[in-house]
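Residue numbers (our numbering), protein chains in the order written: chain Y, 246 to 544; chain R, 246 to 544.
Hints are computed from structural coordinates only; laboratory data are not their basis. Honestly, I wouldn't trust all of these hints.
Note that the list lumps identical chains together, so a pair holds whenever it fits in one copy or between two copies.
Cross-link-like lysine-lysine pairs, in silico, BS3-like; alpha carbons within 30 Å at most [what the hints assert, rightly or not]:
#1 K533 with K306
#2 K263 with K424
#3 K260 with K407
#4 K533 with K434
#5 K309 with K540
#6 K263 with K321
#7 K358 with K407
#8 K437 with K533
#9 K543 with K533
#10 K384 with K434
#11 K299 with K358
#12 K381 with K309
#13 K540 with K458
#14 K458 with K543
#15 K458 with K437
#16 K447 with K434
#17 K433 with K533
#18 K260 with K434
#19 K533 with K447
#20 K441 with K407
#21 K447 with K433
#22 K447 with K424
#23 K434 with K424
#24 K433 with K263
#25 K306 with K458
Each chain is listed here by its residues.
2 protein chains.
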Amino acid sequence: MSVLIVGSTALDSIKTPKSENPRLLGGSASHAAVAASFFSPVKLIGVVGEDFPKGYIQLYKRHKIDLEGLQILPGKTFHWSGEYEANMNNRRTLLTELGVFETFTPTLPNSHKNSQFVLLANIAPSLQHHVLNQMKRPKFVAADTMDLWLNIALEDLVKLIKRLNLFVLNDSEAHQLTKEDNIFPALKKIHKMGPKYVIIKKGSHGSILSSPKGIFICPAYPLHEVVDPTGAGDSFVGGMMGYLAAAKRPVDAHLRRAMIYGSVVASFCCEGFGLMGTTRVTRPQIEKRVSELEKLTKF
Amino acid sequence: MSVLIVGSTALDSIKTPKSENPRLLGGSASHAAVAASFFSPVKLIGVVGEDFPKGYIQLYKRHKIDLEGLQILPGKTFHWSGEYEANMNNRRTLLTELGVFETFTPTLPNSHKNSQFVLLANIAPSLQHHVLNQMKRPKFVAADTMDLWLNIALEDLVKLIKRLNLFVLNDSEAHQLTKEDNIFPALKKIHKMGPKYVIIKKGSHGSILSSPKGIFICPAYPLHEVVDPTGAGDSFVGGMMGYLAAAKRPVDAHLRRAMIYGSVVASFCCEGFGLMGTTRVTRPQIEKRVSELEKLTKF
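Make the full structure from the sequences, and use the hints.
Written out as structure tokens, the structure reads:
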């Protein structure tokens, strides 16, 4: 089954202590779409400007990503620039140029409206709502978010959470949203807001799934070197939704394995700048790390 | 097989946002010894003053801890006082009164010198050396430490690490010791310092074992409420060494399970002030959480 993915499609200029990489392909939807493409056909919804490099369109196409929903508009592509500290955990934004993203209205081609698996990757909750409003009856809707929307669009976000099957957020966002320090009362409050499934991402410490069947502790694949963690969270949810759509039924056991696959794709993402780590990967390499994770956690 | 444990034996006054608890039984050796006692006989090496409550001696005895190596000297018991913030992660020391600990020289009764499993719980590396110097040929020596010794006794600590089979430290200490941000180069440097096995503790994010057979990612048991995390790390290493001594052969597979048991005992430790959480536990309750951890991590 295919996955419909909406989110940002951007050019990322990323600086680390070791190197500087201007105008890489980035954005939550780009990372999520490529990650999902290893497991299922992907339909991408996004917007780019006329300056968007043709090579990046080719990259999407190599991953067989359906681009009917990608708008190419007069103006500049959304451009983000950020700098990481030596530990690769702390980063600061140097520049944000919204470009064509400022007036983006995601419009679904008719052929997309029946999609069963929907990933509302990180963008403004109002746009996530707008996509969902155009869908017929999707089977499984997941959304990711970021602290920005908790700060400036909380009301929209809370309304969105109500409409989701799965809400994905990181630990500090969960704390910000619920004012709870401990994960269990935080999860309880988020479930009460609507979603049957909640995933809390903890970066290199892995993630936690909370479902009606209880908790799943999902490890992160341990990396010898992190080159660029930008997009790791997006790759995680993208890989997960791609795997889930292929498994068809979004049950607890499939979600657990889907998270493992998402975690592995995210690990590859961290090993290269932008999407370079993810795009050079093959399915057998993914399967190898999944087997390794089985061994790494066995007791 | 029994475990010989040396470390601090103290009175802890612990303040949290919810309550204040003066003069609880504490210290690295107390926590580790009680934790280990669920699995193996324990021989405790430590020192207390004349003010040490008889009830705490009884508590050790209820756990069948051999107290031949516990010195009771004229003067005051080591007293530590600390305060936790609301998130229970950040704490600050309010007071440290060394008392009889200031001049403590751990002396091993003859019956203790042949112990096969030795845990040098957190105390000054010079004292950890002193204990090891009195031992005949122990089969497996593990040591824990804290940032204080990295700051004021690094040379002693480095010499100690060379003598260990297993060195246990937390992630920030590993960073401080090796100047490496990533766990793999950090582990490589620590192995080069001597120990075949290294465990890096990550608090509520679990721990990592590095052995000749590779990495093991050990989860923390997820807790609904953390009452007092004091001694959780000591309970982890204590429970682990107790389990390992019972398993007799310190091989990779036993170490992995030993870490799981240590992790579970540490979880009970966090559920009460001082040793209250740990002492009220039964072996079947420990087994129950071990089974739960198996389910919580299955994919």
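Evaluated hints:
Taking identical chains as interchangeable, the C-alpha atoms of K533 and K306 lie at most 30 Å apart only when both belong to the same chain, with a minimum of 25 Å there against 51 Å between chains. In this assembly of identical chains, the alpha carbons of K263 and K424 lie at most 30 Å apart only when taken from different copies (17 Å versus 37 Å within one copy). Neither within a single protomer nor between protomers do K260 and K407 lie at most 30 Å apart by alpha-carbon distance, with minima of 37 Å and 39 Å respectively. Taking the shortest Cα distances, K533 and K434 sit within 30 Å of each other only across copies (27 Å), while inside one copy they are farther apart (37 Å).
Taking the shortest Cα distances, K309 and K540 never come within 30 Å of each other, neither inside one copy (32 Å) nor across copies (37 Å). For a Cα distance limit of 30 Å, the shortest separation of K263 from K321 inside one copy, 28 Å, qualifies, whereas the shortest one across copies, 54 Å, does not. Taking CA atoms no more than 30 Å apart as the test, K358 paired with K407 passes inside one copy only; the shortest distance there is 20 Å, against 64 Å between copies. Taking the closest pair of Cα atoms, K437 and K533 come within 30 Å of each other only across two copies (29 Å); inside a single copy the shortest separation is 38 Å, beyond that limit.
Taking identical chains as interchangeable, the C-alpha atoms of K543 and K533 lie at most 30 Å apart whether they share a chain (16 Å) or sit on different chains (18 Å). With identical chains, the CA atoms of K384 and K434 are at most 30 Å apart within one copy only, with a shortest distance of 24 Å there and 50 Å across copies. For the identical chains of this complex, K299 and K358 are intra-copy neighbours only, at 27 Å inside a copy versus 74 Å across copies, given an alpha-carbon limit of 30 Å. In this homomeric assembly, K381 and K309 come within 30 Å of each other (Cα to Cα) only inside a single copy, at 24 Å, whereas the closest approach across copies is 67 Å.
Within a single copy, K540 and K458 get their C-alpha atoms as close as 24 Å, and across copies as close as 10 Å, so both meet the 30 Å cut-off. When the C-alpha separation of K458 and K543 is checked against a cutoff of 30 Å, the pair qualifies both within a copy, at 21 Å, and between copies, at 12 Å. Proximity of K458 and K437 under a CA criterion of 30 Å is satisfied intra-copy only: 16 Å inside one chain copy versus 44 Å between copies. When the C-alpha separation of K447 and K434 is checked against a cutoff of 30 Å, the pair qualifies both within a copy, at 18 Å, and between copies, at 26 Å.
Taking the shortest Cα distances, K433 and K533 sit within 30 Å of each other only across copies (23 Å), while inside one copy they are farther apart (35 Å). In this assembly of identical chains, K260 and K434 lie within 30 Å of each other by CA distance solely across copies; the values are 28 Å between and 37 Å within a copy. Taking the shortest Cα distances, K533 and K447 sit within 30 Å of each other both inside one copy (23 Å) and across copies (26 Å). Taking the shortest Cα distances, K441 and K407 sit within 30 Å of each other inside one copy (10 Å), while across copies they are farther apart (51 Å).
When the C-alpha separation of K447 and K433 is checked against a cutoff of 30 Å, the pair qualifies both within a copy, at 18 Å, and between copies, at 25 Å. For a Cα distance limit of 30 Å, the shortest separation of K447 from K424 qualifies both inside one copy, at 17 Å, and across copies, at 23 Å. In this homomeric assembly, K434 and K424 come within 30 Å of each other (Cα to Cα) only inside a single copy, at 10 Å, whereas the closest approach across copies is 40 Å. Within a single copy, K433 and K263 get their C-alpha atoms only as close as 42 Å, which misses the 30 Å cut-off; across copies the closest is 22 Å, which meets it.
For the identical chains of this complex, K306 and K458 are neighbours neither inside a copy (38 Å) nor across copies (41 Å), given an alpha-carbon limit of 30 Å.
The structure is inconsistent with the numbered hints 3, 5, 25, although it conforms to all the rest.
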